[in-house]
Amino acid sequence: MKIYLSQDAVARALGADDIAKAITDAGHDLIRVGSRGMTWLEPLAEVDVDGVRHAYGPLTLADVPALLDGTLQGHGPTEDIPFFANQTRLTFQRCGVIDPLDLDAYRAHGGLKGLERAIGMDGLGVVEEAKASGLRGRGGAGFPTGIKWETVAKAEADQKYIVCNADEGDSGTFADRMIMEGDPFSLIEGMAIAGVGVGATKGYVYLRSEYPDAIRIMNEAVKIARANGVLGASVLGKGPAFDMEIRVGAGAYVCGEETSLLNSLEGKRGVVRAKPPLPALEGFLGKPTVVNNVISLATIPVIFEKGAQHYADFGLGRSRGTIPLQIAGNVKHGGLYEVAFGLPLGEIVNTIGGGTRSGRPVKAVQVGGPLGAYFSPDQFDTPFGYEEFDGAGGLIGHAGLTVFDDQADMLQMARFAMEFCAVESCGKCTPCRIGAVRGVETIDRIAAGDEAAKELLTDLCETMTDGSLCALGGFTPYPVMSALTLFPDDFATTKEAAE
Amino acid sequence: MPAQQPATPDRGDIRDLIESHLHLEGPLLPILHAMMEAYGYVPDEALLDIADALNISRAEVHGVMSFYHDFRTIPAGRHVVKICRAEACKSVGADALAENALAKLGTVWHGTTPNGAVTIEPVYCLGLCANGPAAMVDDRIVAGLDEAKLDAVFKEAGA
Numbered sequence: 327m328k329i330y331l332s333q334d335a336v337a338r339a340l341g342a343d344d345i346a347k348a349i350t351d352a353g354h355d356l357i358r359v360g361s362r363g364m365t366w367l368e369p370l371a372e373v374d375v376d377g378v379r380h381a382y383g384p385l386t387l388a389d390v391p392a393l394l395d396g397t398l399q400g401h402g403p404t405e406d407i408p409f410f411a412n413q414t415r416l417t418f419q420r421c422g423v424i425d426p427l428d429l430d431a432y433r434a435h436g437g438l439k440g441l442e443r444a445i446g447m448d449g450l451g452v453v454e455e456a457k458a459s460g461l462r463g464r465g466g467a468g469f470p471t472g473i474k475w476e477t478v479a480k481a482e483a484d485q486k487y488i489v490c491n492a493d494e495g496d497s498g499t500f501a502d503r504m505i506m507e508g509d510p511f512s513l514i515e516g517m518a519i520a521g522v523g524v525g526a527t528k529g530y531v532y533l534r535s536e537y538p539d540a541i542r543i544m545n546e547a548v549k550i551a552r553a554n555g556v557l558g559a560s561v562l563g564k565g566p567a568f569d570m571e572i573r574v575g576a577g578a579y580v581c582g583e584e585t586s587l588l589n590s591l592e593g594k595r596g597v598v599r600a601k602p603p604l605p606a607l608e609g610f611l612g613k614p615t616v617v618n619n620v621i622s623l624a625t626i627p628v629i630f631e632k633g634a635q636h637y638a639d640f641g642l643g644r645s646r647g648t649i650p651l652q653i654a655g656n657v658k659h660g661g662l663y664e665v666a667f668g669l670p671l672g673e674i675v676n677t678i679g680g681g682t683r684s685g686r687p688v689k690a691v692q693v694g695g696p697l698g699a700y701f702s703p704d705q706f707d708t709p710f711g712y713e714e715f716d717g718a719g720g721l722i723g724h725a726g727l728t729v730f731d732d733q734a735d736m737l738q739m740a741r742f743a744m745e746f747c748a749v750e751s752c753g754k755c756t757p758c759r760i761g762a763v764r765g766v767e768t769i770d771r772i773a774a775g776d777e778a779a780k781e782l783l784t785d786l787c788e789t790m791t792d793g794s795l796c797a798l799g800g801f802t803p804y805p806v807m808s809a810l811t812l813f814p815d816d817f818a819t820t821k822e823a824a825e
Numbered sequence: 664m665p666a667q668q669p670a671t672p673d674r675g676d677i678r679d680l681i682e683s684h685l686h687l688e689g690p691l692l693p694i695l696h697a698m699m700e701a702y703g704y705v706p707d708e709a710l711l712d713i714a715d716a717l718n719i720s721r722a723e724v725h726g727v728m729s730f731y732h733d734f735r736t737i738p739a740g741r742h743v744v745k746i747c748r749a750e751a752c753k754s755v756g757a758d759a760l761a762e763n764a765l766a767k768l769g770t771v772w773h774g775t776t777p778n779g780a781v782t783i784e785p786v787y788c789l790g791l792c793a794n795g796p797a798a799m800v801d802d803r804i805v806a807g808l809d810e811a812k813l814d815a816v817f818k819e820a821g822a
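Sequence order for the protein chains is A and B. The number in our numbering is simply the position in the first sequence, starting from 1, with 326 added. The number in our numbering is simply the position in the second sequence, starting from 1, with 663 added.
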């Protein structure tokens with residue numbers, strides 16, 4: 327009996343390793359794979375029946391005997407489960423399918439075809455292909471990836487770098503973690519293609535310390551890639567040189583901001599740098615540097631494998647291709663859902679996510695992490711795209727959606743946004759460093775019944791938006807102001823004032 | 664769960680650890696991580712050696728070390744439990760869970776239980792956002808927590 331079992335951090339956090347031991351102790355072949363993304367079914371095991379994988383989960387240790395004797399109730403073929411069947415898996419095509427560290431399996435599932443093709447092109451050809459795909463930075467800013475590459479490619483320097491931003495600190499997001507744990511070679515291949523394109527020979531992955539599984543798997547994957555000639559003095563034995571290292575962050579949220587990340591990588595305090603100079607011209611150690619998010623880079627291989635046009639044919643408006651949605655928080659069917667841009671928010675939350683885990687009505691959805699705006703069910707017709715969310719007063723960020731039920735206190739959530747900003751501020755900009763502290767105090771005044779403090783909070787948010795260098799101070803007003811304007815009942819002062 | 668038994672800092676070992684990272688570009692964070700790995704904190708006596716090796720001031724080393732949440736200047740409890748306080752875990756009751764745990768253990772955020780077994784730290788997202796509340800016990804992640812499961816974590820850690 328051939329069995330697949332997820333080894334994603336979610337599955338392991340829910341006891342998958344004990345289940346794995348029970349299965350192998352019983353003498354069965356077990357392949358540990360990444361996650362299929364359906365995290366509400368984790369730990370998820372799949373049993374191979376005539377070449378088709380059938381899903382069982384969420385498993386407990388007590389379920390293992392029934393799993394092995396065929397009496398356990400399952401979900402049928404994994405890829406027929408509606409949550410999975412309705413996706414368009416490009417970036418995550420191999421995640422959950424193969425052993426993440428099996429380079430042969432990676433090749434057998436389309437891996438390294440993109441890099442082979444890139445090696446046969448000249449640098450500017452690679453950059454043109456990236457531009458033609460319409461891929462935009464998946465870390466949140468949405469800057470066109472190909473244009474960033476072009477700037478680095480045209481810069482003159484003796485050394486250039488590819489830096490992968492794997493400091494995925496936004497609550498509600500886990501796509502970076504999942505791809506690094508489930509298909510690490512896709513990120514390595516994407517970085518190598520970027521290196522070929524812009525003429526960089528060295529890459530770094532700046533990976534947060536909160537992801538121990540991803541750190542371990544990425545380190546092993548880099549070693550395997552190097553030992554097999556994917557990385558090294560000549561990429562795949564015929565391309566230019568490219569090698570890379572994994573660097574571990576140290577618990578500072580602000581290091582997800584690219585200039586702060588570069589300072590941290592250089593061994594400095596993770597303080598934000600003013601731009602210009604752009605990192606593309608003066609980045610790591612002052613050299614031209616591509617800084618891209620994990621998902622942006624891990625999407626590059628499939629773009630080069632299937633062609634830029636194939637990728638660009640998916641999507642909506644200026645949001646081309648697919649986006650790995652991360653449906654999180656108080657949600658029934660949570661997990662990673664890769665789909666073309668354009669789905670209405672309500673369909674994501676209610677149809678795909680199945681509403682709240684608690685069974686209570688949805689009150690709010692925070693889109694784009696702790697710096698993203700809250701949306702109310704009145705805005706559920708907003709299509710998922712960069713410009714569309716901007717137009718609705720929010721942002722898609724790293725495409726994480728955190729669902730809250732009607733028990734959420736939005737004043738407390740606004741207060742937490744300010745508190746988090748105060749804890750994580752790098753301290754460079756006064757509106758962020760001091761403003762966040764004053765923000766907590768001002769929200770406490772509203773909670774105590776001071777109606778006039780609302781105007782003060784609004785004014786403070788404007789100052790933070792206009793006076794901060796990076797998104798931490800600049801975007802903290804998104805959750806605060808959206809909570810204040812969309813959920814005025816939670817900020818009501820009259821009842822307390824009358825008492 | 665074996666308790667961590669960090670080595671006692673030795674000046675020669677510290678210098679060897681530093682030396683082994685000097686070939687890296689931007690070696691300071693890897694060096695500080697190595698100190699944490701070896702000793703469970705960054706020994707005060709290491710700062711001057713790091714400063715010397717990197718040709719920067721001791722104040723600069725201190726500045727970098729104190730910027731990051733991960734680097735400690737004094738040893739933690741035998742186990743460190745980091746409980747997620749971020750939005751996705753809040754949406755499924757992490758606040759009440761954590762407050763209750765702190766009250767039961769008789770400590771506060773960043774505090775250590777009176778018997779020295781467990782230090783409690785907040786963490787802002789472990790990337791298990793559809794399966795919260797989540798926590799990290801040393802290097803092991805646990806998810807789908809409720810009061811009983813978190814109690815079991817503390818019991819196992821000797822709190």
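There's no promise every hint is true.
Claimed, not checked - When the alpha-carbon atoms are kept at most 16 Å apart in a straight line, the in silico EDC-like pairs for lysine to aspartate or glutamate are as follows: (1) A:632 <-> A:442; (2) A:594 <-> B:809; (3) A:457 <-> A:476; (4) A:594 <-> B:708; (5) A:528 <-> A:631; (6) A:594 <-> B:723; (7) A:528 <-> B:723; (8) A:613 <-> B:723; (9) A:328 <-> A:351; (10) A:594 <-> A:569; (11) A:780 <-> A:731; (12) A:439 <-> A:631.
As the list claims (entries may be wrong) - Covered stretches of chain A, going by a simulated chain B footprint (3 or more residues, C-beta under 8 Å): (13) 347-360; (14) 421-428; (15) 466-478; (16) 495-501; (17) 535-541; (18) 719-729; (19) 739-748.
To be verified - What follows is a set of in silico ranges between Cβ atoms, one per label pair, in the way DEER data are often shown: (20) B:685 <-> A:403: 35 to 43 Å; (21) A:782 <-> B:726: 50 to 58 Å; (22) B:777 <-> A:392: 28 to 36 Å; (23) A:713 <-> B:708: 37 to 45 Å; (24) A:374 <-> B:708: 52 to 60 Å; (25) A:433 <-> B:708: 29 to 37 Å; (26) A:564 <-> B:726: 39 to 47 Å; (27) B:818 <-> A:545: 52 to 60 Å; (28) A:685 <-> B:818: 29 to 37 Å; (29) B:778 <-> A:602: 34 to 42 Å; (30) B:777 <-> A:395: 48 to 56 Å; (31) A:400 <-> B:765: 34 to 42 Å.
Source of the hints: derived by calculation from the structure; they are not laboratory data. It should be emphasised that the depicted structure is a prediction, and the values quoted were computed from it without experimental measurement. Glycine included, C-beta positions come from ideal geometry on N, C-alpha and C.
Evaluation of the provided hints:
{"no.": "1", "hint": "A:632 <-> A:442", "verdict": "12 Å, holds"}
{"no.": "2", "hint": "A:594 <-> B:809", "verdict": "39 Å, violated"}
{"no.": "3", "hint": "A:457 <-> A:476", "verdict": "9 Å, holds"}
{"no.": "4", "hint": "A:594 <-> B:708", "verdict": "20 Å, violated"}
{"no.": "5", "hint": "A:528 <-> A:631", "verdict": "23 Å, violated"}
{"no.": "6", "hint": "A:594 <-> B:723", "verdict": "8 Å, holds"}
{"no.": "7", "hint": "A:528 <-> B:723", "verdict": "27 Å, violated"}
{"no.": "8", "hint": "A:613 <-> B:723", "verdict": "23 Å, violated"}
{"no.": "9", "hint": "A:328 <-> A:351", "verdict": "14 Å, holds"}
{"no.": "10", "hint": "A:594 <-> A:569", "verdict": "23 Å, violated"}
{"no.": "11", "hint": "A:780 <-> A:731", "verdict": "25 Å, violated"}
{"no.": "12", "hint": "A:439 <-> A:631", "verdict": "5 Å, holds"}
{"no.": "13", "hint": "347-360", "verdict": "violated (count 0)"}
{"no.": "14", "hint": "421-428", "verdict": "violated (count 0)"}
{"no.": "15", "hint": "466-478", "verdict": "violated (count 0)"}
{"no.": "16", "hint": "495-501", "verdict": "holds (count 6)"}
{"no.": "17", "hint": "535-541", "verdict": "holds (count 5)"}
{"no.": "18", "hint": "719-729", "verdict": "holds (count 3)"}
{"no.": "19", "hint": "739-748", "verdict": "holds (count 3)"}
{"no.": "20", "hint": "B:685 <-> A:403: 35 to 43 Å", "verdict": "54 Å, violated"}
{"no.": "21", "hint": "A:782 <-> B:726: 50 to 58 Å", "verdict": "34 Å, violated"}
{"no.": "22", "hint": "B:777 <-> A:392: 28 to 36 Å", "verdict": "45 Å, violated"}
{"no.": "23", "hint": "A:713 <-> B:708: 37 to 45 Å", "verdict": "55 Å, violated"}
{"no.": "24", "hint": "A:374 <-> B:708: 52 to 60 Å", "verdict": "57 Å, holds"}
{"no.": "25", "hint": "A:433 <-> B:708: 29 to 37 Å", "verdict": "50 Å, violated"}
{"no.": "26", "hint": "A:564 <-> B:726: 39 to 47 Å", "verdict": "46 Å, holds"}
{"no.": "27", "hint": "B:818 <-> A:545: 52 to 60 Å", "verdict": "33 Å, violated"}
{"no.": "28", "hint": "A:685 <-> B:818: 29 to 37 Å", "verdict": "31 Å, holds"}
{"no.": "29", "hint": "B:778 <-> A:602: 34 to 42 Å", "verdict": "54 Å, violated"}
{"no.": "30", "hint": "B:777 <-> A:395: 48 to 56 Å", "verdict": "49 Å, holds"}
{"no.": "31", "hint": "A:400 <-> B:765: 34 to 42 Å", "verdict": "41 Å, holds"}
Checked against the numbered hints above, the structure violates hints 2, 4, 5, 7, 8, 10, 11, 13, 14, 15, 20, 21, 22, 23, 25, 27, 29; every other hint is satisfied.
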